[in-house]
Amino acid sequence: MGGPPLPDALAWGTLASLLLVVFLCAGDYGLSYDEPVQSAYGRLLLRYYESGFHDKSAFGYLNLAFYGGGFDMVAALLDRLFPTAPPYSVRHALGGVVGVVGLAATWRLGRRIGGPWAGLFALILLAVTPSWFGHMFINPKDIPLATAAALVLWALAAVQDRWPRPSAALVLGLGMALGLMLGTRIGALILGPVLAGAWLLRVAGHLRSRPGRLGWADTAQGTGRLLLALPPLVLVTVILWPWVAQDWGNLIEGLTVFSRFPFDALITFNGALVETTDLPRLYLPTMLAVRLPEILLLTAVAAGLWGAWTVVTRPRILLATRGAQGALVALAVLEPLAFAVLDRPVMYNGMRHFLFLLPPLAVAGGLALERAVRDPGPWRRGLGIATLAVGVALSVNRLVVLHPYQYVSYNLLTGGLPGAYERYEMDYWDTSFKELTARFVEALKARDLMPPPGRAWKVWVCGDSTAADAYFPSFLLSVDNEEEAEFALGTAQFYCPAPADPTREWARVERQGVPLSWVIDQRAFPPLADTVSRPLSPEHP
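Going letter by letter, the sequence shown gives residues 1 to 541 in the UniProt record's numbering.
Keep in mind that the hints were calculated from the coordinates and are not lab data.
Misleading hints may appear alongside valid ones.
[As the list claims (entries may be wrong)] Label pairs and their in silico Cβ distance ranges:
hint, residue 1, residue 2, range
1, SER51, ARG523, 24 to 34 angstroms
2, SER474, THR84, 13 to 23 angstroms
3, ASP264, THR313, 46 to 56 angstroms
4, PRO4, ASP343, 39 to 49 angstroms
5, ARG208, TYR61, 47 to 57 angstroms
6, PRO280, LEU78, 37 to 47 angstroms
7, MET450, LEU78, 28 to 38 angstroms
[Claimed, not checked] Pairs of lysine to aspartate or glutamate, DMTMM-like flavour, derived with a Cα cap of 25 angstroms:
hint, residue 1, residue 2
8, LYS458, ASP448
9, LYS141, GLU435
10, LYS141, GLU253
11, LYS458, GLU510
12, LYS141, ASP278
13, LYS56, ASP79
14, LYS445, GLU486
15, LYS445, ASP501
16, LYS141, ASP55
17, LYS445, GLU505
18, LYS458, ASP469
19, LYS445, GLU425
20, LYS141, ASP8
21, LYS458, GLU486
22, LYS458, ASP55
23, LYS458, GLU505
24, LYS445, GLU435
25, LYS458, ASP375
26, LYS141, ASP28
27, LYS141, ASP343
28, LYS445, ASP28
29, LYS56, ASP28
30, LYS56, ASP34
31, LYS458, GLU482
32, LYS445, ASP521
33, LYS458, GLU442
34, LYS458, GLU422
35, LYS445, GLU482
36, LYS141, ASP34
37, LYS141, GLU335
38, LYS445, GLU422
39, LYS141, ASP247
40, LYS56, ASP264
This structure is a prediction, so every number in the text was calculated from the model and none was measured.
Every residue, glycine too, gets a C-beta built ideally from N, C-alpha and C.
Let the sequences and hints guide you as you build the complete structure.
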């Protein structure tokens, strides 16, 4: 018996290798400031279920009730199984696994539409995308959402393939994927018109190929089968997002909140400070243009031009199965992008709220690469292979050089990370505080300034103190008042002071010569071993 086709074997090998990388590298990633509250939310949701639905404290915890908590509940359970693991390393490994599931869904979606090579190319394009790889470990909301959305697209493409007789198992799987998506973030309803439009194209194509009463009977039968998706959709959504089941009006409230998310702050965009509530219309397109790896940007644009030309010259192709599936992928990118441009919703932290665009973009790029590689002209085939090789090598090098801060990556259109510095956001999630704290401790030891037992240096954290507190040893005490602190630990964002005197900078984390965070000595006198702060209070043992 023969084994799987070569591209399938390569895809399985890639996924297995990525899983190995996840478990080897998860411990390298620092804490993102969303993770402590998400972790607490997961524990509170478990308490809700363990109390027989009586303990509802999770629904009053900050604004987390507006989000589903499936990832956080699983992470909380795993924390119980591995109580001695380093802080948040289990969550980071789980996030990596979820990201690999998203990669697998992207592979299968590309394979279903364009064949084994298209699927493999889509997998590779997404795997070498720093915004995907880096967020896998530290983003407990947007990567689970993007993975669920990729599963939905894959399931719907399979339904299109088998229309009007999708199997019950397939429809139930579609319902579960929809539940995963909506139960993670209700804002995923933005994809509703995409799914409906792609399904209607397939229905119209079937009616065209089988006109009359038989075609309409098939459509009615297929639509009836799709209703089987509703029970798992509702069940999974409610399990992951139990707040919505307390009062069905909560669903409307959640939609209302996400339509105009109440977050007003300044962010750096193209060298200027802009309000999150008044972003330029081209904010998201610009973020995609400067953050996507060059190979994905090039192939996705090529796919868009090729697709547009095909539709203009052969519009009826949209009624064919492959045409409807291609429309599904295209609409999954274009409709949310158009919404962001026209509606100008609250956005921040680059493109992270729209990471669900990456799988369909990778599939589009994979389809374009597959077409180039199988072109009968040898020079075109060679150009396609060379483009893939150079683009992947460039992206992999970037992944390695930036590790473990891949999520701050920028491409060559903006001059890479050095060109983006002070023009766009850097380590906005403060993940470099883990490495920075270790470097700070080394500096204290080198200067023989380790405090005696029971005493601590007072440190002011510019950023989210929880991202540093998790790694502070007992002799570093986080304080809220900058004037009281002896040292300042900050991220290289506009709202944190930069070191004015190089001799006062005790530690720094940087990549490609660009600072991500630093420690500043704020004391007004020469450092002496006995000038440490007062003993720790009982609240800080």
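Structure-based check of each hint:
Evaluation of the 24 to 34 angstroms hint for SER51 and ARG523 yields a failure: the beta carbon distance comes to about 50 angstroms. A hinted range of 13 to 23 angstroms holds for the C-beta pair SER474 and THR84, which are about 19 angstroms apart. Taking 46 to 56 angstroms as the suggested C-beta distance range, the pair ASP264 and THR313 conforms, at roughly 47 angstroms. The hinted window of 39 to 49 angstroms between PRO4 and ASP343 holds, with their beta carbons roughly 44 angstroms apart.
Taken as a hint, the range 47 to 57 angstroms holds for the pair ARG208 and TYR61, whose Cβ atoms sit roughly 52 angstroms apart. Distance hint for PRO280 and LEU78: a CB-CB separation of about 41 angstroms, consistent with the stated range 37 to 47 angstroms. Checked against the given bound of 28 to 38 angstroms, the beta carbons of MET450 and LEU78, roughly 35 angstroms apart, stay inside it. A hinted pair counts as satisfied when its Cα atoms are at most 25 angstroms apart, and LYS458 with ASP448 qualifies at roughly 17 angstroms.
With a C-alpha separation of about 24 angstroms, the suggested pairing of LYS141 with GLU435 holds against the 25 angstroms cut-off. A threshold of 25 angstroms between alpha carbons decides the hint, and for LYS141 with GLU253 the separation of about 19 angstroms falls inside it, so the pair holds. Distance hint between LYS458 and GLU510 is fulfilled; the C-alpha atoms sit about 24 angstroms from each other, no more than 25 angstroms. The suggested pairing of LYS141 with ASP278 holds, with an alpha-carbon distance near 24 angstroms, which does not exceed 25 angstroms.
Note on LYS56 and ASP79: the hinted pairing holds, with a Cα-Cα distance of about 21 angstroms set against a maximum of 25 angstroms. Proximity of LYS445 to GLU486 is assessed by CA-CA distance (about 16 angstroms); at most 25 angstroms being required, the pair is judged to hold. Between LYS445 and ASP501 the CA atoms are separated by roughly 21 angstroms; this keeps the pair inside 25 angstroms, and the hint holds. Between LYS141 and ASP55 the CA atoms are separated by roughly 24 angstroms; this keeps the pair inside 25 angstroms, and the hint holds.
Annotation: proposed proximity of LYS445 to GLU505 holds, straight-line Cα distance about 15 angstroms (limit 25 angstroms). A hinted pair counts as satisfied when its Cα atoms are at most 25 angstroms apart, and LYS458 with ASP469 qualifies at roughly 12 angstroms. As the CA atoms of LYS445 and GLU425 are separated by approximately 32 angstroms, the hinted pair breaks the 25 angstroms bound. Distance hint between LYS141 and ASP8 is unfulfilled; the C-alpha atoms sit about 30 angstroms from each other, more than 25 angstroms.
Taking the CA atoms of LYS458 and GLU486, the gap is about 5 angstroms. The hint holds against a cut of 25 angstroms. Of the pairs offered as hints, the one joining LYS458 and ASP55 is violated, with about 38 angstroms between alpha carbons and a cut-off of 25 angstroms exceeded. Our distance criterion of 25 angstroms between C-alpha atoms is met by LYS458 and GLU505, whose separation comes to about 16 angstroms. A distance of roughly 16 angstroms separates the Cα atoms of LYS445 and GLU435; the hinted pair therefore holds under the 25 angstroms criterion.
Only pairs whose Cα atoms come within 25 angstroms are accepted, and LYS458 paired with ASP375 is rejected, the gap being roughly 65 angstroms. A distance of roughly 20 angstroms separates the Cα atoms of LYS141 and ASP28; the hinted pair therefore holds under the 25 angstroms criterion. For the given pair, LYS141 sits about 22 angstroms from ASP343 by alpha-carbon distance, which is consistent with the 25 angstroms threshold. Note on LYS445 and ASP28: the hinted pairing holds, with a Cα-Cα distance of about 22 angstroms set against a maximum of 25 angstroms.
Under the criterion of a C-alpha separation no larger than 25 angstroms, the hint pairing LYS56 with ASP28 is inconsistent with the structure, at around 35 angstroms. A C-alpha spacing of about 21 angstroms is found between LYS56 and ASP34, which places the hinted pair at or below 25 angstroms, so the restraint holds. Proposed proximity of LYS458 and GLU482 is supported: the alpha carbons are some 10 angstroms apart, at most 25 angstroms. Between LYS445 and ASP521 the alpha-carbon distance is near 15 angstroms, which keeps this suggested pair within the 25 angstroms criterion.
Of the supplied pair hints, the one linking LYS458 and GLU442 holds, its CA atoms being roughly 17 angstroms apart against a limit of 25 angstroms. Restraint check for LYS458 and GLU422: the C-alpha separation of about 29 angstroms exceeds 25 angstroms, so the hint is violated. Taking the CA atoms of LYS445 and GLU482, the gap is near 23 angstroms; set against the 25 angstroms cutoff, the hint holds. For the proposed pair LYS141 and ASP34, the alpha carbon gap of about 9 angstroms is at most 25 angstroms, so the pair holds.
A distance of roughly 21 angstroms separates the Cα atoms of LYS141 and GLU335; the hinted pair therefore holds under the 25 angstroms criterion. Simply put, LYS445 and GLU422 have alpha-carbon atoms about 32 angstroms apart, too far for the 25 angstroms limit, and the pair is violated. Among the hinted pairs, LYS141 with ASP247 is consistent with the structure: their alpha-carbon atoms are about 23 angstroms apart, no more than 25 angstroms. At most 25 angstroms may separate the alpha-carbon atoms for a hinted pair to count; LYS56 and ASP264 exceed this at roughly 29 angstroms.
Hint check: violations occur at hints 1, 19, 20, 22, 25, 29, 34, 38 and 40; the rest are consistent with the structure.
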